[in-house]
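Participant: Sequence:
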Amino acid sequence: AEGKLPSLGRLTAPMIVVQDVLAALEKLGLAARARSSAKIIAVTGSAGKTTTKEALRHVLSAVGKVHASPQSFNNHWGVPLTLARMPADCDYAVFEIGMNHPDEIRPLVKMVRPHVAIVTLIAAAHLGFFRNLDEIAKAKAEIFEGLEPDGAALLNRDDPRWKLLDKMARAAGVEHIYGFGENARATFKLLKCALHADHSVITAKIGGQEISARVGAPGRHMVQNVLAVLGGAHLVGADVARAALALADLSAERGRGKRHVLRHPKGPITLIDESYNANPASMSAAMALLNATPVSGEGRRIAVLGDMLELGDHSAKLHAALADLIVGTETRTVFLAGPQMRALADILPDEIETEYRAGAEDLKLVLLSALKPGDVVMIKSSKGIGFSKLVDALLSKFPAVAATAKQT
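Start counting the sequence shown at -18; every next residue gets the next number (the numbering used here).
Calculated directly from the structure, the hints in this document are not laboratory data.
Model, not experiment: these values are computed from the prediction.
A few of these clues could be false.
Claimed, not checked - In silico SDA-like links for lysine to any residue, alpha-carbon gap of 25 angstroms or less:
hint : residue 1 : residue 2
1    : 186       : 139
2    : 378       : 313
3    : 364       : 350
4    : 247       : 346
5    : 170       : 340
6    : 170       : 158
7    : 364       : 14
8    : 247       : 178
9    : 378       : 347
10   : 148       : 158
11   : 173       : 148
12   : 8         : 107
13   : 364       : 132
14   : 353       : 298
15   : 8         : 158
16   : 91        : 14
17   : 8         : 139
18   : 8         : 67
19   : 364       : 279
20   : 353       : 242
21   : 186       : 152
22   : 370       : 274
23   : 378       : 337
24   : 378       : 351
25   : 148       : 178
26   : 148       : 92
27   : 345       : 304
28   : 378       : 280
29   : 119       : 132
30   : 8         : 39
31   : 46        : 195
32   : 345       : 311
33   : 298       : 338
34   : 364       : 324
35   : 345       : 234
36   : 298       : 82
37   : 46        : 67
38   : 119       : 186
Could you build the full structure based on these sequences and the hints that come with them?
Facilitator: This is how it looks when you write it as structure tokens:
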């Protein structure tokens, strides 16, 4: 290891030479966990992990000192790194734990040892590595194996795989299992919901009390995530009323629904940036969000969609299935790119104005020249397709209004 030191140049920071960097990082993480008295929440799921983690960070910051995973640091490097960085004096910590194969979550959650484990949703993400959704659910259920004694599992009561996850949690020895959602049996239950273009207003039953809140980030999927957030906050003993008040300032992250109002010479264009990731469930949520966003003047709702990766033999079928989703909305203009999106381009009806290109770079000029004032454009793809380049190109050509460079 010492032989690599010259390649670091004039770096003056203190360094510790180890034989195995990952093993050393894991030991640092374990030491940080051993000294901590924080209440810890771990989050997994096929969709909504990062959004839920960031929302938990946001609301818990209103009631205490919070440490949370940066970005999507949810793998065998990111989890121990986040754990090692955990301050000794934080009140709460939130860890995102991801996987695309079985046996990945188990060792990570045993390092984190959360008091609450949240499973947001089971959906067709990484389906190329699994035979079916039940297998995905079983892999996600590994998160229960690292729960602290007397810890709690918090599951989506509206998920068709609720019963399977409940069974897996009990098999792992979890005694406290709670549900969130609209289901009548949900512990943390949505009672009322009003969806607006740039926010939502909800009333939910949390810990025996009715909590009303304005949710600053729009979308029905965000409401579902917020139920998990409020439930998680309650389970770690946080002041839920104060946490709920903080939801008013909640904003979507870059690549996960962040909005920009772009300056077109003849009028504004609304950009919804969903470019970070995509699977069938998150595509459905993004299309619903686009459909709920009003256009101005003669503006159009435009969906710019790229490949959903890691779907394996199911890919062509799942991409083609997006046709029914699109036809069921008011979106009539669609831009597509990526080899898998060819399956969708071939099946969309004539009523949908469709442009297909092989890749993001090929689509860029077509998209830039097609936008008109009043349009609402939503960009969605798996990260590996590179649709963030399209977002950057739009922001470069039509700079965002200053107030929306943050989030409305």
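Participant: Honestly, which of those hints from before does the structure not fit?
Facilitator: Violated hints (numbers, rising): 5, 7, 11, 12, 13, 14, 15, 17, 19, 21, 25, 30, 38; every other hint is consistent with the structure.
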